[in-house]
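Fit chain B to the known structure of chain A by using the hints.
2 protein chains.
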Amino acid sequence: MKSFKIALAQLSPQIGNIEVNVQKMLEQINQAKQQKADLIIFPELSTLGYPAEDLLLRPSLNKRMEQAFKALSAVKDIVLVFGFVHQTEDAQRYNSAAVMKDGQVLGIYNKQNLPNHSVFDEKRYFSEGHQHLIFEYLGHKFGVLICEDVWSLSTAQQISQLNVETILVLNASPYEVGKPQHRVTTMSELAKQLNISLVYVNQVGGQDDLIFDGTSFVINNDGQVALQAPSFKEGSYYVDYDATQKHYKTAEITPVLDTMAEIYQALVMATRDYIQGCGFPGVILGLSGGIDSALTLAIAVDAIGADKVQAVMMPYTYTAQISVEDAAAQAKNMGVTFGIAEINPIVNSFMQTLYPFFGNSPADSTEENLQARTRGTLLMGLSNKFGNLVLSTGNKSELSVGYCTLYGDMVGGYAVLKDVYKTIVFELAKYRNSISETPVIPERVITRPPSAELRPDQKDQDSLPAYDVLDGILYLYIEEELSQDDIIAKGFDKDVVTKVIQLVDRNEYKRRQGAIGPRISSRAFTRERRYPIMNGWIAGV
Amino acid sequence: MKSFKIALAQLSPQIGNIEVNVQKMLEQINQAKQQKADLIIFPELSTLGYPAEDLLLRPSLNKRMEQAFKALSAVKDIVLVFGFVHQTEDAQRYNSAAVMKDGQVLGIYNKQNLPNHSVFDEKRYFSEGHQHLIFEYLGHKFGVLICEDVWSLSTAQQISQLNVETILVLNASPYEVGKPQHRVTTMSELAKQLNISLVYVNQVGGQDDLIFDGTSFVINNDGQVALQAPSFKEGSYYVDYDATQKHYKTAEITPVLDTMAEIYQALVMATRDYIQGCGFPGVILGLSGGIDSALTLAIAVDAIGADKVQAVMMPYTYTAQISVEDAAAQAKNMGVTFGIAEINPIVNSFMQTLYPFFGNSPADSTEENLQARTRGTLLMGLSNKFGNLVLSTGNKSELSVGYCTLYGDMVGGYAVLKDVYKTIVFELAKYRNSISETPVIPERVITRPPSAELRPDQKDQDSLPAYDVLDGILYLYIEEELSQDDIIAKGFDKDVVTKVIQLVDRNEYKRRQGAIGPRISSRAFTRERRYPIMNGWIAGV
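One line per chain: the protein sequences are A and B, in this order.
Just so you know, we're using this note's numbering here: the first sequence kicks off at 423 and counts up by one.
Just so you know, we're using this note's numbering here: the second sequence kicks off at 423 and counts up by one.
One chain only, chain A, in its complex shape (with noise of 0.2 Å):
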């Protein structure tokens, strides 16, 4: 029986790029021979990077997991327990980890238990394996599991029967708020119940719009937390087990993030890694005066740096001076590229060529979204002119109810506060002024009544319901999946909930043409609730 360390290598992957990806493995391997460690753990698929969808399908996947087999078997010294996809010789596909010692594969183990629900579609992809693999190295009894495998007790509980010591456990379990601390509180419950220690790497990064917060974990057969790695960072860190105490020591130990500074890193991570993992030199986003689009702007810059970010107010006739003023406040603030287009001529441009069609219609909101979608078209032309990413500024509260603009204010590549209530992006940018010497974004931002101002004093709440009982009932419906019955029941006016259940149902056709953004709650919309866009579904019960 010997001490050792183990590095755990909290990696973020390019999606499909294995070469990229083994290259980045061999780094940390180095790294980690350097600083003595006698084992390395990479998370769930490591070398291909999760979720790869249907890229799992392409015939020539074997063949480049074979390339980096053989580039990993060169190396000495260290034990290596990484991700990769196992094709069998009756065609099976499973998710699988192995353990490999100079060269030598010491053991395969396949994923057994599968998810595919919420944001998962792996039995889309892989068969279920049925065998646990344990190996012993310098005295000590290690199993290996996968991710959603070591959330199932009778897994775990199997694998602790065998003696095993340490559970190393490869992971890519996507972020969402509290997620983080509750994966801790709940392992330390489970290592204790269990006797055992686990091992927990876990992927980092945004991938579209999926989020791996890393935080990555040691915890001892006692429940103590011997390492907590940071989250939202990329990088490895280690852990020395004690052979003589038996126990792991106490290394770094990063302490839990707020819930607003937690939500905020999540998205300024995301929203970089969207932007450089699609190449695009920059950013831009039009700035209206209104707080949606000021958090953006702060978690943009703060991803990529102001000098690689361009802002524009698009003003018409019903955008309040101060609207003005404000944004080219926060633009100055923060040091960004600020630009001012009227829109005033081409609106009118628009109105008069409709004008034969239209004839003396009333005015509905028909011409608000041609000042939206004149608004769209200028940033995509800027876009389009400079390389620049279109960065969408809606909510979630917006989104769930339509309030917004097909090809008008959707427009964009990514949408940073797509998963992020109004209420949420209210915290969100007090959180954000509160961490700096001087607010970056105007205090009368936060404080005035939002409006979309497409039409004379305009306020949202003329359309919709105030913003916390909005997403109080958005809450319920979409997190909760709550009947309409059930949330008037819990004291909701009953008008309002039917109102806003049916605005929420209606509009799946916007969202669905709407850019990804990242997750942050239990349901997002992009991959996470599916929902027909014709949909017969009545409200009610």
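Note that these hints are calculated values from the structure, not bench results.
Hints may be right or wrong, so weigh each one.
For identical chains, the list gives no copy identity; a pair is met inside one copy or between any two copies.
To be verified - With a straight-line Cα cutoff of 16 Å, these simulated EDC-like cross-link-like pairs (lysine to aspartate or glutamate) come out: (1) K485 - E441; (2) K523 - D499; (3) K807 - E789; (4) K754 - D927; (5) K485 - D908; (6) K485 - D907; (7) K921 - D884; (8) K807 - D786; (9) K485 - E903; (10) K921 - D893; (11) K807 - E790; (12) K655 - D927; (13) K458 - D664; (14) K563 - D664; (15) K754 - D644; (16) K912 - D893.
Please read these numbers as outputs of a predicted model, since none were measured by experiment.
Using the frame of chain A, we list chain B on its own:
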């Protein structure tokens, strides 16, 4: 042993509207009773409709299913075989069929083979059944299977070994080109092989991007077809079993459609069902003088009638006079409302507003996109004002390589040709002209070289390979999933293949924000080909 009559109720459900679906079933039951049918069989999940997606997760579903059972329990003197969602006390959810007689449930069958590939996600929602259901009625031994079950040879063999004479198969089998006949051919082989008769009922109707063709059939145990219901048409079809001859008597056998007729009718039904299912009074589309919009217009008119279709020509400087002439000629041929809106003033207005930002940057695709987005905004304005659905007119070849403008020509709620390659667009246009006395699409629209007319003398083939070459490569890459190297090995030019594949991979972001459209291929974009946007997969092997 008695002779008997079976009704096959080939119905188009309203997804999620259980009350309406049950009402429709009751109407068919009454009709069947008038026809003296002894048994009526409905499609898979007939009470709910297929696919209901996450509506299946709503907590009140069970309560609603109970109401459906109650309504159907009142039926007397005919055996019902229908689809429903079966939630058991141990919280399992099954895709099930019930056999009901005079209010008594004779048996419940839980689907055993749950497809989770292609467009299917059944493992997201359902548990697998493990038991066969057989029942005797009128001296005849029936078995029940649901859709995928009958494609599993082992499942079909098992039930055939239980002395079953006829398998009743409830289906929601999505259409793709050639599938109606493929089903009959395969099932005829199976019937012969297993010496068993098959009564196969399929859902009909469009649901979002999926088309269900119906084409229900009855096959005798010698492989002979006794009934083949029409495709794309709702209704009940009847077959008589002759107990003396021990076979189903030959009834209506609808002739197989030619490929172009089949595709055309599929698109017409899908378009009509989407428009009506979403409750739009009519449609509007941009008519360019090109073949895509010409074909889309023809389909729209055939779907809902000329009086509900509005076409708008939106010429710009680069629009050829013959384009305007051809658009006007077709609109007149087809008797639709037609208007012309010159877009020069609007585009100029955009250019003037953007000039301070663009400076002397040379013109590029930005300016082309402004034209497309101006048109998109005009169409949306007309849609918003009068309530008609915008049909977008792009084809699969364009969408594959991104030869289309997001928020421009991609604007719309339903993209009729989304899954139709350009080479097939030509065939369909010719087909449509062939079935009316005078051609509805002007001959010149079909014969002139395709052009987006976004710059002077532009031709599609300036930017893209010839469409037969392009479509050949796209088919191999998308439908067949061949690698770049394998496509080149088939004799295509290396540079062309490399460029096309790059374009397909890079334009996932555009497709993700595009309108849904009817699936006719074995690998449509909307729901079936799930690729990441941030995608590091390098083409090659």
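Give the relationship of K485 and E903 under a CA distance limit of 16 Å: within one copy only, between copies only, both, or neither.
-> between (44 Å within a copy, 15 Å between copies)
What label fits K754 with D644 when the C-alpha limit is 16 Å: within, between, both, or neither?
-> neither (53 Å within a copy, 82 Å between copies)
Is it within a copy, between copies, both, or neither that the alpha carbon of K912 lies no farther than 16 Å from that of D893?
-> This pair counts as within: shortest intra-copy Cα distance 14 Å, inter-copy 56 Å.
Quick one: K921 to D893, C-alpha cut-off 16 Å, is that within a copy, between copies, both, or neither?
-> within (13 Å within a copy, 46 Å between copies)
Up to 16 Å between alpha-carbons, please classify K754 paired with D927: within, between, both or neither.
-> Neither: 40 Å inside a chain and 38 Å across chains, both beyond 16 Å.
Taking 16 Å as the upper bound on the Cα-Cα distance, should K563 and D664 be classified as within, between, both, or neither?
-> Answer is within; shortest intra-copy Cα gap is 14 Å, inter-copy 70 Å.
Could you place K485 and D907 in one of the four classes (within, between, both, neither) given a Cα distance threshold of 16 Å?
-> between (55 Å within a copy, 13 Å between copies)
Checking K655 and D927: alpha-carbon separation at most 16 Å within a copy, between copies, both or neither?
-> neither (37 Å within a copy, 28 Å between copies)
Give the relationship of K807 and D786 under a CA distance limit of 16 Å: within one copy only, between copies only, both, or neither.
-> between (33 Å within a copy, 8 Å between copies)
16 Å Cα cut-off: does K485 pair with D908 within a copy, between copies, both or neither?
-> between (53 Å within a copy, 14 Å between copies)
Have a look at K807 and E789 and pick one of within, between, both or neither, based on CA distance no larger than 16 Å.
-> between (27 Å within a copy, 9 Å between copies)
Indicate which option fits the pair K485, E441 if close means a Cα-Cα distance not exceeding 16 Å: within, between, both or neither.
-> within (12 Å within a copy, 52 Å between copies)
The structure fails to meet hints 4, 12, 15 from the earlier list, while all remaining hints are met.
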